[in-house]
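Colleague: Which chain is which? The protein sequence lines are A and B, in order. In terms of the working numbering, the first sequence opens at residue 1 and continues consecutively. In terms of the working numbering, the second sequence opens at residue 1001 and continues consecutively.
Hints may be right or wrong, so weigh each one.
[To be verified] Once the Cα atoms are required to be at most 27 Å apart in a straight line, the calculated DSSO-like pairs of lysine-lysine come out as:
hint, chain 1, residue 1, chain 2, residue 2
1, A, 106, A, 44
2, B, 1023, B, 1013
3, B, 1019, A, 47
4, A, 106, A, 68
5, A, 44, B, 1023
6, B, 1023, B, 1063
7, A, 106, A, 55
8, A, 47, A, 106
9, A, 47, A, 68
10, A, 55, A, 68
11, B, 1013, B, 1063
12, B, 1063, B, 1019
13, A, 44, B, 1019
14, A, 47, B, 1023
15, A, 55, A, 44
16, A, 47, B, 1063
17, A, 44, B, 1063
Source of the hints: derived by calculation from the structure; they are not laboratory data.
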Amino acid sequence: QSALTQPPSASGSPGQSVTISCTGTSSDVGAYNYVSWYRRHPGKAPKLMIYEVNKRPSGVPDRFSGSKSGNTASLTVSGLQAEDEADYYCSSYAGSNNWVFGGGTKLTVL
Amino acid sequence: QVQLVQSGAEVRKPGASVKVSCKASGYTFSAYYMHWVRQAPGQGLEWMGWIDPNSGGTDYAQKFQGRVTMTRDTSISTAYMELSRLRSDDTAVYFCAKSYSSTSFDYWGQGTLVTVSS
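With the hints as constraints, model all of the structure from the sequences given.
Modeller: Structure representation (structure tokens):
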């Protein structure tokens, strides 16, 4: 499978909202509601922020939301905070017990 | 609390093999698939495969078929990922990640840097 496509960078000022896209195909993102999003600070392990398109694990603030339309999923971060500056990765189930990740988006809080 | 603790950094020559361990604690090890994901320098995350700690069953990304072997030792709640015939482009940080809701990965190891260099 090819990697999912994410913009290399995104930015916003504190308090603003930013949306990161994740484009796949009809075999992965478009086929299953199994898109998840991860935040990774430099040198740290990734952290699950959204699973199954729009569900938040316990402890993740409701400033983080997810959605999907067709072959493109999106992560929206509202009320940007300094701690949100990190790399964000999307992932999707791709069928046949396989998963695929995106190339990552570096979010900068201005 | 759930913890995944991986083995330390490794340096290998091209053509060699490396085996990374991932010791789980804080949950029932056999109840959740364990995935392996890697990140090469400046690149995104790349899914490598999974192991079912209960049965030992595995599934690997096509890219790694024939070079990767995932095993586990349930007596010590530890999963292993062995990659053989290493190349320079296998230089990466390798993560183990616990399956969540069968659709995502909720806990990750701290990562193990594998450097392949002659």
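Colleague: All the hints need checking, so say for each whether the structure fits it.
Modeller: Do the hints match the structure? See the list:
For the hint linking residue 106 of chain A to residue 44 of chain A, the alpha-carbon distance of about 14 Å falls within 27 Å, and the restraint holds. Restraint check: the Cα-Cα separation between residue 1023 of chain B and residue 1013 of chain B comes to about 26 Å, which is no more than 27 Å; the hinted pair holds. Under the criterion of a C-alpha separation no larger than 27 Å, the hint pairing residue 1019 of chain B with residue 47 of chain A is consistent with the structure, at around 24 Å. With a C-alpha separation of about 20 Å, the suggested pair residue 106 of chain A and residue 68 of chain A falls inside the 27 Å cut-off, and the hint holds.
With a CA separation close to 18 Å, the supplied pair residue 44 of chain A and residue 1023 of chain B stays within the 27 Å bound. Taking the CA atoms of residue 1023 of chain B and residue 1063 of chain B, the gap is near 25 Å; set against the 27 Å cutoff, the hint holds. Among the hinted pairs, residue 106 of chain A with residue 55 of chain A is consistent with the structure: their alpha-carbon atoms are about 22 Å apart, no more than 27 Å. Taking the CA atoms of residue 47 of chain A and residue 106 of chain A, the gap is about 15 Å. The hint holds against a cut of 27 Å.
Restraint check: the Cα-Cα separation between residue 47 of chain A and residue 68 of chain A comes to about 20 Å, which is no more than 27 Å; the hinted pair holds. Distance hint between residue 55 of chain A and residue 68 of chain A is fulfilled; the C-alpha atoms sit about 12 Å from each other, no more than 27 Å. Straight-line distance between C-alpha atoms of residue 1013 of chain B and residue 1063 of chain B comes to about 21 Å, which keeps the hinted pair within the 27 Å bound. A hinted pair counts as satisfied when its Cα atoms are at most 27 Å apart, and residue 1063 of chain B with residue 1019 of chain B qualifies at roughly 18 Å.
A hinted pair counts as satisfied when its Cα atoms are at most 27 Å apart, and residue 44 of chain A with residue 1019 of chain B qualifies at roughly 21 Å. For the suggested pair residue 47 of chain A and residue 1023 of chain B, the alpha carbons sit about 18 Å apart, so the restraint of at most 27 Å is met. Our distance criterion of 27 Å between C-alpha atoms is met by residue 55 of chain A and residue 44 of chain A, whose separation comes to about 23 Å. Pair hint residue 47 of chain A plus residue 1063 of chain B holds up; C-alpha atoms about 25 Å apart against a cutoff of 27 Å.
For the hint linking residue 44 of chain A to residue 1063 of chain B, the alpha-carbon distance of about 26 Å falls within 27 Å, and the restraint holds.
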